[in-house]
Amino acid sequence: MTPPAIDMSSTTTTTSTEDKPKNVGFRIGLGDITPNNLGQLKRLNTVLFPVVYAPGFYKDVLEVGEFAKIIYFNDVCVGAVCCRKEPVAGSNNEQNLYIATLGVLAPYRRLGLGSEMLKHILEQAKLSLTAAGQAKVAKVYLHVQSNNEEALEFYKKHGFENVEKCENYYSQFEVSDAYKLEKVIN
Amino acid sequence: MRDLPSKEANLFREILKCYELKQYKRGFKGADQILKKFPEHGETLAMKGLFYNHLDKKDLAYEFVKKGIRHDMKSHICWHVFGLLYRSDKNYEEAAKCYAHALKYDKENIQILRDLSLLQMQMRNLEGYVDTRHILLELRPQNRQYWVAVAIGYQLLGKPELGVKVLTTYEETLKEVPSTPDYEHSEMLLYHNTLLEEAGDLQAALDHLDTIEKQVCDRKALKEKRAKFFLGLGRLSEAEAAYRGLLAVNPDNMAYFEGLRNSLGLGGDRPTDEDEVKILDMFKQLQKEYPRSNAAKRLPLRYATGEAFVKVADEYIRSMLRKGVPSLFVNIKTLYSDSAKETAVEKLALGYLASLDKSKGFDHSGAVVEPPTALLWTLYFLAQHYDFKRETEQALGYINRAIEHTPTLVELYMAKGRILKHAGDHVAAMGALNEARELDLQDRFINTKCTKYMLRADNMAEAEKTAVLFTRADIPNPLNDLVDMQTQWFSLEAGESNLRQNQVGRALKRFHQVDKHFNDYTEDQFDFHTYCLRKMTLRAYVSMVRLEDQLRNHPYYVRAAQNAVQCYVRLFDKPDGSESEEMEGMTEAEKKKFRSKQRKAELKAQQEAEDKKKKAAVAAAETAKKAGTPAAAVKVDEDPEGTKYTKCEDPLGEALKFLQPLQQLASDRVETHLMAFEIYVRKNKLLLALKALLKSIKIDANHATLHEQLVRFALAVQKASSAKTLKPSVKAVIDQHWSELYDAHGQDLSAFNVAFVNKNKDLGSVPHVISAAMSTYLINPSKNLGQAELLLFSVAEKGDKYKRTRTLENVLLVQKTLKGFKSSRQQEWKAKGNEWFPNAVAFQ
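Sequence lines, in order, name chains A and B.
Take the first sequence: its letters are residues 1 to 186, numbered as in the numbering used here.
Take the second sequence: its letters are residues 1 to 844, numbered as in the numbering used here.
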């Protein structure tokens, strides 16, 4: 049901680099998703992913707190990440985190925004291990379309492992196979 | 108070106190207690009436106060109470009479004198105010307020020098000046200084500043005044130093930059080339001094020309695009009054776009990679630029590219809506604004704009639904909050929408609402007549009083008045509204069908309104119950259609009421007199119509609409004289002015019209063509129709002659004019319109 996450690279930081030509500095920042800016998330998803999300998806997004974020580039909303918490069979105080969507608008790619969002999710997952009164995140996982080399590389760079090939996972697409990637949090 | 034994006399004193402390119920009981023993005691009866007034029993209030006066005609208390009663009903004239009566029986009653002076100020009886205030000052010379009030009276009378005298005398009586900073004293001194300035003696004002300096708290005002006086006195080097000092405090105050420029001898709107260089140097210096000042960067664009302009504009626009400043275009477009600047900016922006597309920089040097938002804001800028030039296709192209680039940016959809609005597609424009709104539901600005666009698209239901998203939710009818908050733009836009849909009653209701808001503003100043004197905020007070005097010159009122006049004129022309605009040109059968359709729609609307009213009443009762307020306090609109206005006896008289403030305050606007003509000519008041025409001629002799009115006036005079209804005395006056109106053309209207056409042949103004065509038609409707049509179609001529004024609004006006002629060439014109404005719904 979930499309592949979008390609990302993290060669640029938020300040200008020493390389030539010189990059002009810019600001990035993460923001909460609220009922008031949900329209922006919907717009992003419409443009970024070939899937129409059901109203339930957006209802859940409002309830996962730090595990769903919008990213701003020079104060313009250009990307988002949305995760879902899933119970772990046979455990009361553990859960898995599934990255349902992570994407950045095309003109804003290769500027480190995807990494910024993924890092935030992983940090929050780690925090859950020590936070009281909250189920601990055992692992973070997601699916990537099997031909999406860039995405595979992106997640591997952030410590994800390819654990399973899911045949015909994206039944509606031409390339229907997907890889399941996961990272254990500890 | 009189004739009461001591026990009751004490009680009476107590109820007076109750009134002051607003303990109305207690006071009421006390009054009743006295009346039990002395049922005919006039002053107590009057007081009882006053308490009734505050307990919301108007009828009884008047009854008892009058009864009180009957029993005690010579009591100043009774008359004072009567005055207070009138005042609470805003009947200031009657109130003032009562106070004057009261003063007859107690000449030196401070309270009554003060109350009278407040009324005199409110009614701007300034001579009376000064007199009353003089009496008060003599009674209480030790009180600062009374001195100051006399000075204010003189100032408003245009005699600031007398005000100065009063204040000087007062200051001399002071044994010692406050040693610690005293805000009130400081304000009084600054006010004194303002009077000196107004009296025109800048040197005296400057010297005075030096003497009061130590006691003034408002240091900024002190510095600003000093700089201004130096400049006014031509002491330029001191002025320069003073303005530089001010800039150090606030380097974003445009007025300080202007002052500095003037004190350097570089003033004026159009500097010489030599001065231009100096001005630009000055700003360069200031930019270095104040790198964070936006004004120092923006102002050079105003003064630079030619190459120098390109240079400063390039720098400025680049930095703004890089930063992502949404308001950039709004800031730049004011420069477009100079077409060379417009061209230069366009060239720059197109250059940026080409470079950004190719090498991600603002130029091809390859030295800098701009952030992706630079391209985004450049596209946004270009879209607005071309929209400004009304090049719809270009504008839409750029905005669509921008939306494709970053579909989450709210501003883009707003710009798109604006482009579509200008192109004449209000429904699509509303759609774009709603998209913007849905991207950011918590932004009141977008919500408001979206509501406005819904009203422009005549979608009242959606507009109301959207507007109430940001009004108070805890009142029975959240739409009423818009009235309580005096949301004038909403009343105006909604009224104009009603008018477009031929709902004249509803429209008038809204325009009267605006008028009422302005009444309220006038009323609202009442409390400040005492408050400001007490607090010594005198400079602000005087500026408020002067603002109040000009209030109805505000664009909102002007707009409401123009619309209301239009409504009432329409009611006069078509009293039963039977011939609405849609019906013009229909056959009888079609009309019948149309009417029955309208009736059905009306019935349905009525039914719906009934249901809504019932629901609202239930809901209101519910909320009232919850809030614990009595149900009676919740008002239900008894007349949503505004039949009160459509059924009025004298629509033109009502129209005049809207017009009169404009005749007083906006007599320099030709529209005021054009409106006046429309009313007077219908009232058959030919002399007043003549007066309106003469005033219009004085302001703009070649005004397009004026010409048509002149022709109509001549026709009206002809008609009156052939009907033998023209009084000789009236005719004499008209004859006397005839040549001022019609030059040497005498009674030959056709020649007059031809002369107008010839005179404006090369002007390329569509409104003038419309006026000429209209006149041609009116002179002889059956014979001249073809000729009038020809004139109108000349607007469609090839070439650039009419391109500038062939705006959507004007092309629609031509269409409306043809419709008025019942011309057979309407379709032909519509096709032309469609060619020029493919997006405009009216031509599809």
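It is worth saying that the hints were derived from the structure and are not from the lab.
Just so you know, these numbers come straight off a predicted model, no measurement behind them.
For glycine and all other residues, C-beta sits at the position ideal for the given N, C-alpha and C.
Warning: the hint list may mix true and false statements.
What the hints assert, rightly or not - One-sided excerpt, in silico: chain A residues whose CB lies under 8 angstroms from chain B:
1. 36
2. 37
3. 44
4. 52
5. 74
6. 76
7. 77
8. 165
**Prompt:** Can the hint on residue 165 of chain A be confirmed by a CB-to-CB distance to chain B that is less than 8 angstroms?
**Reply:** 34 angstroms, violated
**Message:** Would the hint on residue 44 of chain A be counted as holding, given a Cβ-Cβ threshold of 8 angstroms to chain B?
**Reply:** Holds. Min distance 6 angstroms.
**Prompt:** Is the interface hint for residue 52 of chain A satisfied, with its Cβ closer than 8 angstroms to some Cβ of chain B?
**Reply:** Hint violated; residue 52 of chain A Cβ to chain B Cβ min 16 angstroms, cut 8 angstroms.
**Request:** Have a go at the residue 77 of chain A hint: is there a Cβ in chain B nearer than 8 angstroms to its own Cβ?
**Result:** 4 angstroms, holds
**Prompt:** Taking 8 angstroms as the limit, does the beta-carbon of residue 74 of chain A come near enough to a beta-carbon in chain B?
**Reply:** Interface hint status for residue 74 of chain A: holds (5 angstroms vs cutoff 8 angstroms).
**Asked** Against chain B, with CB atoms and a cut of 8 angstroms, does the hint on residue 37 of chain A hold up?
**Response** Hint on residue 37 of chain A: holds, closest Cβ of chain B at ~6 angstroms, below 8 angstroms.
**Asked** Hey, does the residue 76 of chain A contact hint survive, CB to chain B under 8 angstroms?
**Response** Constraint on residue 76 of chain A satisfied, holds at 6 angstroms.
**Request:** Please verify that hint: residue 36 of chain A, Cβ, nearest Cβ of chain B, below 8 angstroms or not.
**Result:** 4 angstroms, holds
The structure fails to meet hints 4, 8 from the earlier list, while all remaining hints are met.
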